[in-house]
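Quick note on numbering: the sequence shown equals residues 16 to 346 in my numbering.
Hints are supplied without guarantee of correctness; some may be wrong.
What the hints assert, rightly or not - Simulated crosslink set (DSS-like; lysine-lysine; CA at most 30 Å straight-line): (1) Lys315 / Lys27; (2) Lys315 / Lys269; (3) Lys27 / Lys269.
Quick caveat, the hints were computed from the structure, so don't treat them as lab data.
Treat the numbers as computed from the prediction; the structure is a model and nothing was measured.
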Amino acid sequence: MVIRNEDVFIAKVRERVALAEATGHLLSPVLLLQTGNRAGGDPGASDSGSGASDGGGASGGGGASGGGAASGGGGARPNAGEALHRALAEATDAAGPPAATDTDQAGRTHAIWLEGPGPRQDELLALAGAGELVVADGNHRSLAAQIGELPRFLAVVTTPGSVAIQPYNRLVSELTSTPDELLDRLRAAGARVEQVAGPAAVPDSGGTIQLYAAGTTYAVTLPSGPGGGVENLDHALVERVLLRDALGLDPGDKRITYVGGDYPARWLVGEVDAGRAELAILIAPVTVQDFVAVNLARQKMPRKSTWFTPKARAGLVLAELGRDTAETPRD
16 MVIRNEDVFI AKVRERVALA EATGHLLSPV LLLQTGNRAG GDPGASDSGS GASDGGGASG
76 GGGASGGGAA SGGGGARPNA GEALHRALAE ATDAAGPPAA TDTDQAGRTH AIWLEGPGPR
136 QDELLALAGA GELVVADGNH RSLAAQIGEL PRFLAVVTTP GSVAIQPYNR LVSELTSTPD
196 ELLDRLRAAG ARVEQVAGPA AVPDSGGTIQ LYAAGTTYAV TLPSGPGGGV ENLDHALVER
256 VLLRDALGLD PGDKRITYVG GDYPARWLVG EVDAGRAELA ILIAPVTVQD FVAVNLARQK
316 MPRKSTWFTP KARAGLVLAE LGRDTAETPR D
């Protein structure tokens, strides 16, 4: 069972479907985390990717990952994913030099090993499919496969202990009020607002965000709601209290740019200072533990709230679609 976990932008899903149809290939794998949690038959989970990642080499992406984030959490078993993690490490060590490598712009090396039919491949595939798989990166791609009526999609299966979550910030190109009016609205909603003397930075932990506008940085603690859980994650509070209530912006508004962890705080500040944006919103990253817990509880993450690293290099592995699959008509 594959669990998708956040609302998507349907226009982006359609673009993914069109790209697959035009190229006849899946160009970028979905990143799946093996939680070790047995499927509970929840109707909200997606089955469209249950056959994902047929190649043992693709599942071997754990050898290229080095995240030191917390593992498991929530409803997962205490050692969820550890057996797969160990097996991947042993398999890559035993396989010798990788079949292919590539280095991304951040200096991370991506490597792939091929594992042919045999006991080790059987073990890896069994471990990769032993529990519920959570989409860490690729909600739009996995839904595009379902809408495009593909029987499976390209995926890399790894473990919670193999990944880390980087910040996922926001830029607002045009405010619907002055910065002072925005701060007043936030205070009226119950937020605590304090001016920060130093440069804008991503907070080390959740609970407080930073805003940068008109050359000034503010630390803002947004008021939490009574529900708890995912509704009080910083990204959810930003979406609800700041963007929707204070600025009157829908999450899909074109004035909002979602900026992944490859861009540091100084880049966002530079965009504001250069006049290409009026507000930078810096948010502490979600923890892997919280992410897994939200997924196993069948809740949805706020849009664009997790930027996982490392993620498999696009183009390192391709999936060629058969003519009958690539041209399947859709409603």
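Hints versus structure:
1. Lys315 / Lys27: holds, 18 Å
2. Lys315 / Lys269: Roughly 22 Å between the alpha carbons, so the hint for Lys315 and Lys269 holds.
3. Lys27 / Lys269: Given that 30 Å is the threshold and the Cα spacing comes to 13 Å, the pair holds.
Hint compliance for this structure: every hint is met.
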